[in-house]
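Asker: One letter stands for each residue in the lines below.
4 protein chains.
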Amino acid sequence: PNRVAPIYKDCTIPESIGRKVNCKHLQWSSPIKNVLIIKKPFDQQVSSAFAELVNFIHMAYPEISVIVEPNVAQEYPHLHLFTWNDIKELHAKADAIITLGGDGTILHTASLYAQTNIPPVLSFSMGTLGFLLPFSFSSFQKAFSQFYDSKSYVLRRMRLCLRSSSRNIKSPYYAMNELHVHRGLSPHMSVLEVYVNDEFLTEAISDGLIVATPTGSTAYSLSAGGPIVHPSINSLLLTPICPNSLSFRPALFPESFSITIKMSRKSRTRPQLSVDGKPLALLEVGQCIEVTHEKNTGIPCVIRNYDGDDWVNDINNLLRWNHPFHRKQ
Amino acid sequence: PNRVAPIYKDCTIPESIGRKVNCKHLQWSSPIKNVLIIKKPFDQQVSSAFAELVNFIHMAYPEISVIVEPNVAQEYPHLHLFTWNDIKELHAKADAIITLGGDGTILHTASLYAQTNIPPVLSFSMGTLGFLLPFSFSSFQKAFSQFYDSKSYVLRRMRLCLRSSSRNIKSPYYAMNELHVHRGLSPHMSVLEVYVNDEFLTEAISDGLIVATPTGSTAYSLSAGGPIVHPSINSLLLTPICPNSLSFRPALFPESFSITIKMSRKSRTRPQLSVDGKPLALLEVGQCIEVTHEKNTGIPCVIRNYDGDDWVNDINNLLRWNHPFHRKQ
Amino acid sequence: PNRVAPIYKDCTIPESIGRKVNCKHLQWSSPIKNVLIIKKPFDQQVSSAFAELVNFIHMAYPEISVIVEPNVAQEYPHLHLFTWNDIKELHAKADAIITLGGDGTILHTASLYAQTNIPPVLSFSMGTLGFLLPFSFSSFQKAFSQFYDSKSYVLRRMRLCLRSSSRNIKSPYYAMNELHVHRGLSPHMSVLEVYVNDEFLTEAISDGLIVATPTGSTAYSLSAGGPIVHPSINSLLLTPICPNSLSFRPALFPESFSITIKMSRKSRTRPQLSVDGKPLALLEVGQCIEVTHEKNTGIPCVIRNYDGDDWVNDINNLLRWNHPFHRKQ
Amino acid sequence: PNRVAPIYKDCTIPESIGRKVNCKHLQWSSPIKNVLIIKKPFDQQVSSAFAELVNFIHMAYPEISVIVEPNVAQEYPHLHLFTWNDIKELHAKADAIITLGGDGTILHTASLYAQTNIPPVLSFSMGTLGFLLPFSFSSFQKAFSQFYDSKSYVLRRMRLCLRSSSRNIKSPYYAMNELHVHRGLSPHMSVLEVYVNDEFLTEAISDGLIVATPTGSTAYSLSAGGPIVHPSINSLLLTPICPNSLSFRPALFPESFSITIKMSRKSRTRPQLSVDGKPLALLEVGQCIEVTHEKNTGIPCVIRNYDGDDWVNDINNLLRWNHPFHRKQ
Ligand SMILES: NC(=O)C1=CN([C@@H]2O[C@H](COP(=O)(O)OP(=O)(O)OC[C@H]3O[C@@H](n4cnc5c(N)ncnc54)[C@H](O)[C@@H]3O)[C@@H](O)[C@H]2O)C=CC1
Ligand SMILES: NC(=O)C1=CN([C@@H]2O[C@H](COP(=O)(O)OP(=O)(O)OC[C@H]3O[C@@H](n4cnc5c(N)ncnc54)[C@H](O)[C@@H]3O)[C@@H](O)[C@H]2O)C=CC1
Ligand SMILES: NC(=O)C1=CN([C@@H]2O[C@H](COP(=O)(O)OP(=O)(O)OC[C@H]3O[C@@H](n4cnc5c(N)ncnc54)[C@H](O)[C@@H]3O)[C@@H](O)[C@H]2O)C=CC1
Ligand SMILES: NC(=O)C1=CN([C@@H]2O[C@H](COP(=O)(O)OP(=O)(O)OC[C@H]3O[C@@H](n4cnc5c(N)ncnc54)[C@H](O)[C@@H]3O)[C@@H](O)[C@H]2O)C=CC1
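Sequence lines, in order, name chains A, B, C and D. Residue numbering for the first sequence follows the working numbering, starting at 1 and increasing by one per position. Residue numbering for the second sequence follows the working numbering, starting at 1 and increasing by one per position. Residue numbering for the third sequence follows the working numbering, starting at 1 and increasing by one per position. Residue numbering for the fourth sequence follows the working numbering, starting at 1 and increasing by one per position.
With the rest of the complex left out, here is chain A (with noise of 0.2 Å):
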């Protein structure tokens, strides 16, 4: 591939990126010229904000081809947009990402490269607050710049690897939130077993299982009762949803440890697995779900703020995590 390598560079002082360890300094081998853009669809203001950004980075970095997703080529058809046919032409031309929408944006972009590597990500909110954006639309030509110019700094966030011998689906495959098995529409419930590095660790009987990353900590887990992790630790969250037990409390394993979910010979329905929220497969008895971290497979995320803690602001702000009862006037 003729991909622009980026560089990913420790800082040598941690104060300086806020001690996050899983932040990096970006740097680009040479300058980038292939950036995908990737936009929420059906919403009038991202199509605005789309078509100025295309227009930007056109005048200002001429050499630079944009790419987007098919349906979006044919929408612009004035735009000087290129696409592709294969998905692997876009996985081996693209330096860089922008996308413009919300989380479900960000997710939907790492669903494209949910079988490969993914180079780094520049995301901009427009209106709607999300949890995985940092950066707001009206500061985009200074954020482009810096990025463009090696001066951005990223937060790796890890993504879980999947793997099945059974071929409803295609392995390995990249979660960035989590993966989850869920009895869906059956009255009854799933019955899955778990083991860690190939020893049982337990049977559950429940609604079903998340395993989640630090950034799906926020997500889905958080609903089902999980705790709130950072980024920056690497661990893989074993999340029950809604549990047959008194007892099932969420659990954190180390990156090194793969954690497998086969289903059980008992469970009377077959379980849907979905990543990332979207349905991949109903599961068959017997099947098992490989889930383990490969090294340099996680999103790199072009952060606000190197020397503060966005996540610190957002699981405040946003989260509203232990919001006081109101008791002044």
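In short, the hints are calculated from the structure, not lab data. Mixed in with the good hints there might be a few duds.
Note that the list lumps identical chains together, so a pair holds whenever it fits in one copy or between two copies.
As the list claims (entries may be wrong) - Derived DMTMM-like pairs (lysine to aspartate or glutamate); straight-line CA-CA distance at most 20 Å: (1) Lys266 with Asp43; (2) Lys295 with Glu15; (3) Lys88 with Asp43; (4) Lys295 with Asp10; (5) Lys170 with Glu290; (6) Lys40 with Glu75; (7) Lys266 with Glu284; (8) Lys262 with Glu75; (9) Lys262 with Glu203; (10) Lys278 with Glu69; (11) Lys266 with Glu193.
Following the hints, complete the assembly by docking chains B, C and D with the ligands onto the known chain A.
Answerer: Chains B, C and D with the ligands only, in chain A's frame:
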């Protein structure tokens, strides 16, 4: 109808029924003549217990007719069993009910009476322990005689009454454990508005919502994080399923209240309504489900001990409530 | 005693009181003559409101005597206030109670009547919002006139009744929010046995145990993980504090039950009993605290709206129950 | 000091140590000569095991000196035991540690090294099962020989490092399980400010706060609702104790972070700081406790199995994690 009317007598000395206000002394106004027997299907042990029970009744109480589900009548042509074509015939006939199986068998029995009130229920378990099952089959002769001789005590387990203006749900519809509304296989959370006595209470963005009876507090609601509620406290228990909020906590409302669940226009998915675990309908945008409690619609379940409290034993032994850590060998 | 008897009339149309079964229409058998006013101490704003209220009563209702706590009588020698030497004088005199302050002021008021039944309470807040505080002081004249003229509705908030054979606790002792037993400063967990109707329920190894009223369900019990219980459901809520077990879940018992907490011989620490947050005694090995509910010992609290439900507003606005994540700007 | 230096070697094949990144092969640079033995007091069984162990060491390893706590030396004058006057002598001498007792004995041992780093620890349990106790005493000879012969593997359990500018706490002070700040006997909740890397995180109004290690995640933090964290994930776990908020959820921070707990001016009570369950000091208004992780201050605990995972067994067998309901006889 020519059903024998059960009389539920208050106990003058509350201590004699363990202070359980929902417990009554069951007295028959005249000898019972038609008994419905519901058995768990596909279970060898249950089938032989069933044959034994039928033979016993025919021998010892020749004036009693035994009614069974149509497929059971077909399966045992030689046993002199009665059945029904129209469920209304059953409702008009059966004076009392016996169940053989597990909790699921009782829930199935309740579903046969989901739109009308239900005669007293005497339940036997075999092998499987269950939360709703007082009697071991081994003592079935004694248990039945006491029941027949007006020497039993019943716990009147309240049911919820559902009503909806839409035609996809027959109203009223009664729930023994709970009703729940769930996103099912949809990747998107359901958005539901909740009203209490027609006053807006909250908007729930979540996998779904449960409205449970005290009986149901140890079923799905417990898995979703709800409290354990003694069946003598008539009340409506609202428990969220994986809510997208850090501050959604289960809440209990008095039996005199109505809780209405409305599918919001914001919901990107049509959530599914289930009663006692059985799917009933997909909700439509704007559709309302009103949940109330109606007098005298509860299920009169014969209890093992009228002075002690089966329930206290069951939460300890079956649910392993407050099971201590294992410290000593 | 020469107290004016309050009459609590059922409402014939439950809808007119928002279906709240514990709500009653308060009627005075003759005009009230002695009003106890309890004010929050050390608060400038409360003090001027107090003076304003006393002057208003003296002007508009000259036949009413105002009773205050001994230290308040001393503080305002010129205001023609009455007080007591022996608390029994107060109990014999006061027909009605007004509180000025916050939830703590109401709890303090309840503690003055911790061993006897309590007259109707009209509460005013200033500035501070509170869960038990219906009226803003700004409308105090109207609120008092309605109260005086038998036009108010009260919510009868049930209290718990504590009894102990040991002399370190005066029995009976009434709790408005809860009683709790806690290890306090001891490094070791307390070991407590719990009995329900004198039947063994469980052994709790924990920081402590709470037995709360529905009113108290939004106080300490909520912090310890308990459900929210509407004050119209008379019941006893048992909530553990940091239990040394994965499977201890809050449980609700009917008001007709007794819950007994016994300090176990295994306890390496003498835990402390508190009522409504106030330390009462250190338990002795083997000491039992019996908790029951007694008819007509509740606190009649005047409510703002007799048709709507203050409580629904309060759990939303004060407790921020099910507060959504912040997604939109 | 003349201590024998332990060498902690990485395992080249992670599978050989069950992928536990915190596990190391323990090798002695020269034969150990001074062994500290800590025994649980007042326990007949432990006392005879102690005598047996000392005799074994004296017989089989005559060149090893056995060091014990001063009171134990006095209790066993005939056993040729050494002890210390100044704790610094102990720190300079002991090459290795053996504990006989329960989790509490290990925590007590750690407290002897609360201000310095700690030599490898080999623990034996008798009768009592514990979470931190790998070896049964019955196999003590084999376990000790392997330990002596550099054939053991250790799990380096991280400790927390506390620092405070106030003189009531000696800094640094190390915690094996957790530190917690608690209102103690005060009826009022404590008000604590929490800072992360000197950035304001939240104000906690609660009974208290816990900052736990992964080891401590199965101790007090678990009781307070925290997740289970595998000891191989170095991290700081913040868990609230009965918070006065519906939305306070446990949170995990990277080991590179600092968490500071500051007693707020708003606090009406002086909360107590405890380390590993032992009271250390009453906080003063404005006092800050800074919690960090320092390299090489962990506790090297000899593990039973270096290929499987004791921890997986322990959460299942001891904590009864996800213990199923009891359905079958
Ligand atoms: N009951 C629940 O909480 C459920 C949650 N989900 C979550 O939704 C995600 C998919 O998101 P969308 O496609 O946008 O679906 P969506 O449009 O249904 O939105 C899910 C919500 O989660 C938020 N979100 C996504 N990732 C997040 C993160 N890492 N931290 C904090 N908030 C986050 C989004 O901003 C959005 O508000 C899944 O990965 C899963 O985590 C999916 C199903 C049920
Ligand atoms: N994640 C979960 O916990 C889910 C639970 N359910 C529950 O299953 C019930 C239907 O039961 P089945 O038809 O037997 O389905 P099932 O065969 O899937 O069994 C459900 C389990 O719940 C137990 N159960 C049922 N009612 C109970 C009660 N009141 N208290 C304690 N345990 C109880 C049964 O003994 C059985 O072990 C529903 O009413 C719902 O409460 C349904 C779906 C998911
Ligand atoms: N960790 C915790 O949550 C603790 C809570 N408490 C609670 O404090 C109460 C004593 O209150 P104060 O004397 O004012 O002490 P306080 O001045 O320490 O305030 C306790 C807080 O609880 C609120 N509160 C009191 N009763 C309430 C109720 N029924 N529903 C909702 N909020 C309520 C008050 O408004 C105040 O914000 C006790 O009855 C106990 O419930 C006491 C100790 C610890
Ligand atoms: N409510 C609670 O759960 C409380 C727990 N504790 C815990 O007790 C510890 C002190 O222990 P002891 O001196 O033995 O006091 P203790 O004799 O009161 O026992 C505490 C219990 O916790 C267990 N334990 C200790 N560390 C553990 C760990 N890392 N994982 C799993 N279980 C563990 C012990 O085996 C024992 O059963 C403190 O570090 C604190 O974590 C202290 C106070 C209250």
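Asker: None of the hints should be skipped; say for each whether it holds.
Answerer: Hint-by-hint comparison with the structure:
no. : hint               : in the structure
1   : Lys266 with Asp43  : between (46 Å within a copy, 16 Å between copies)
2   : Lys295 with Glu15  : between (24 Å within a copy, 16 Å between copies)
3   : Lys88 with Asp43   : neither (28 Å within a copy, 54 Å between copies)
4   : Lys295 with Asp10  : both (16 Å within a copy, 19 Å between copies)
5   : Lys170 with Glu290 : within (12 Å within a copy, 45 Å between copies)
6   : Lys40 with Glu75   : within (13 Å within a copy, 59 Å between copies)
7   : Lys266 with Glu284 : within (12 Å within a copy, 34 Å between copies)
8   : Lys262 with Glu75  : neither (44 Å within a copy, 37 Å between copies)
9   : Lys262 with Glu203 : within (9 Å within a copy, 36 Å between copies)
10  : Lys278 with Glu69  : within (18 Å within a copy, 42 Å between copies)
11  : Lys266 with Glu193 : within (10 Å within a copy, 36 Å between copies)
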